[in-house]
Each structure stands twice: as C-alpha cells, then as structure tokens.
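Student: These are the residues of each chain, in order.
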Amino acid sequence: DTEVTQTPKHLVMGMTNKKSLKCEQHMGHRAMYWYKQKAKKPPELMFVYSYEKLSINESVPSRFSPECPNSSLLNLHLHALQPEDSALYLCASSDGLRTSTDTQYFGPGTRLTVL
Amino acid sequence: DAKTTQPPSMDCAEGRAANLPCNHSTISGNEYVYWYRQIHSQGPQYIIHGLKNNETNEMASLIITEDRKSSTLILPHATLRDTAVYYCIVHITDSWGKLQFGAGTQVVVTP
Numbered sequence: 042d043t044e045v046t047q048t049p050k051h052l053v054m055g056m057t058n059k060k061s062l063k064c065e066q067h068m069g070h071r072a073m074y075w076y077k078q079k080a081k082k083p084p085e086l087m088f089v090y091s092y093e094k095l096s097i098n099e100s101v102p103s104r105f106s107p108e109c110p111n112s113s114l115l116n117l118h119l120h121a122l123q124p125e126d127s128a129l130y131l132c133a134s135s136d137g138l139r140t141s142t143d144t145q146y147f148g149p150g151t152r153l154t155v156l
Numbered sequence: 188d189a190k191t192t193q194p195p196s197m198d199c200a201e202g203r204a205a206n207l208p209c210n211h212s213t214i215s216g217n218e219y220v221y222w223y224r225q226i227h228s229q230g231p232q233y234i235i236h237g238l239k240n241n242e243t244n245e246m247a248s249l250i251i252t253e254d255r256k257s258s259t260l261i262l263p264h265a266t267l268r269d270t271a272v273y274y275c276i277v278h279i280t281d282s283w284g285k286l287q288f289g290a291g292t293q294v295v296v297t298p
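If you're matching them up, the sequences are chains U and W in order. Each position in the first sequence, counted from 1, maps to that position plus 41 in the working numbering. Each position in the second sequence, counted from 1, maps to that position plus 187 in the working numbering.
These are calculated hints, taken from the structure and not from any lab test. Cβ coordinates follow ideal geometry from the N, Cα and C atoms, glycine included. Treat the hints loosely; a few may be bogus.
[What the hints assert, rightly or not] Below, a list of computed lysine-lysine pairs in the PhoX-like style, where the Cα atoms sit at most 25 Å apart: (1) U:K79 with W:K285; (2) W:K190 with U:K82; (3) W:K285 with U:K81; (4) U:K82 with U:K50; (5) W:K190 with U:K81; (6) W:K285 with U:K63; (7) W:K239 with U:K82.
[What the hints assert, rightly or not] Okay, the calculated beta carbon distance ranges per label pair: (8) U:K50 with W:D254: 41 to 47 Å; (9) W:T266 with U:V53: 33 to 39 Å; (10) W:H227 with U:T46: 17 to 23 Å; (11) W:T243 with U:K50: 31 to 37 Å.
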C-alpha cells in the first residue's frame, strides 16, 4: 500500500482565519514533505521532515507552520494567509533511508482558497 | 532552475506507444532520472526511475542513453487514463528529498 491521505480535500478560509491541513501515511516512512502547487505550475517544495525533525525549510513565510506529531502524521498550520497563498497543497512521504529506493509518494492534495 | 528539458505537449493515439523524451545534459554521476505524472488536480504519481540501465515496470519503460544526457519514457499502450502532465526529474537520492519539478510534458491521449 502506497497511500498518503490528506484532509480536507478543499478548504476556503479568510485572511484572519487559522486552519490546519493534515497528512497521514502508514507505510512506515520516516521522511515527509509539504509541496505547494499554483495553478498551471509544477509543485514546489516547502518543508521536509526527517525522523520527525524539520530538515528543510525552503524559506517559507512564517504564516505557514509545519508540525510532525509522530512518524505517521504531518500537519501544516495556516494563519493570516494572503489570497496569493491559494494553491494545491501536496503532502508526500518516502522511506527516508536516502537510498535509490527513496521514492516519494504523494497524497491527493488539499485545494486551498484564501478569500 | 530545473535540470531537465521536455517538450511542452504531445498527443498520442489510444492503444499506441507514447515516447516521452527528456534532456538532462548536465546530469551528474550520482543523480537518478525519475518520472512522475500528474493527472488533473491530483497528486503526482511515481512512475519509474533509473541510474544508467534501462528499467521496466508494470507502468512504463525507461530508456537512458549511454552518455546519460537524455532519456525516454515509454508508455507501451496508451489509454485515455494516461492523459496527464509527465515530469522528468533528476534527483540525488542521498539528498533530503528535494524533487525539483520542471514544467513537464502535457500528454493528451485521444481515441
């Protein structure tokens, strides 16, 4: 099973709201990722967690706050977003062993609209 | 910037083989060639990857040239469900997972 689940599928929020995106995998993977994808553009990496610790932050604004409560879960907390933050937010996971089999598996994404 | 160059779009007839080219002339010795696809509004789906040998799995075949400067993804019998954006990515697997997506190729399979 190579399934990564994400909730919610769609989210509409105002600029003053606080919301969270959730991602879950049960493949025993130890690396998890957040990507952002604007319309008609390729995905762009935001954060990487390895063994529940933040390994990479691609200079993402602080209004995006990632959290990895355990090895199966990854959250992205959202606060004071701007309309330009509207995008598809993708979660991915990989075994984290940094070998040739370290393939990333993606979830279906959360479509976020900021009003 | 992405390290790969792909044609922006391709059409393919249903049931025929689809050959998707990718140039990666600056690839280094420890970088793998990965292929993902993304069906409209879904998450990217892993297809196949390789280092220098040709690879085949249940979805596709990957042909890498001897100098490793280019590769071709082959979908042997395209179906309508193969309509998607296909991304060719060069990736060092001992780095922390930064898949650098380029613009990809929009493949449209027609009946």
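Student: Take the hints in turn and mark each one as holding or not.
Tutor: Here is what the structure says about each hint:
Between U:K79 and W:K285 the alpha-carbon distance is near 18 Å, which keeps this suggested pair within the 25 Å criterion. Pair hint W:K190 plus U:K82 holds up; C-alpha atoms about 16 Å apart against a cutoff of 25 Å. Taking the CA atoms of W:K285 and U:K81, the gap is near 20 Å; set against the 25 Å cutoff, the hint holds. A C-alpha spacing of about 19 Å is found between U:K82 and U:K50, which places the hinted pair at or below 25 Å, so the restraint holds.
Simply put, W:K190 and U:K81 have alpha-carbon atoms about 19 Å apart, close enough for the 25 Å limit, and the pair holds. As the CA atoms of W:K285 and U:K63 are separated by approximately 21 Å, the hinted pair is consistent with the 25 Å bound. At most 25 Å may separate the alpha-carbon atoms for a hinted pair to count; W:K239 and U:K82 exceed this at roughly 29 Å. Between U:K50 and W:D254 the beta carbons are some 44 Å apart, a value that agrees with the proposed interval 41 to 47 Å.
Hint check: W:T266 to U:V53, Cβ distance near 34 Å, so the stated range 33 to 39 Å holds. Distance hint for W:H227 and U:T46: a CB-CB separation of about 20 Å, consistent with the stated range 17 to 23 Å. Under the hint 31 to 37 Å, the C-beta atoms of W:T243 and U:K50, about 34 Å apart, fit the expected range.
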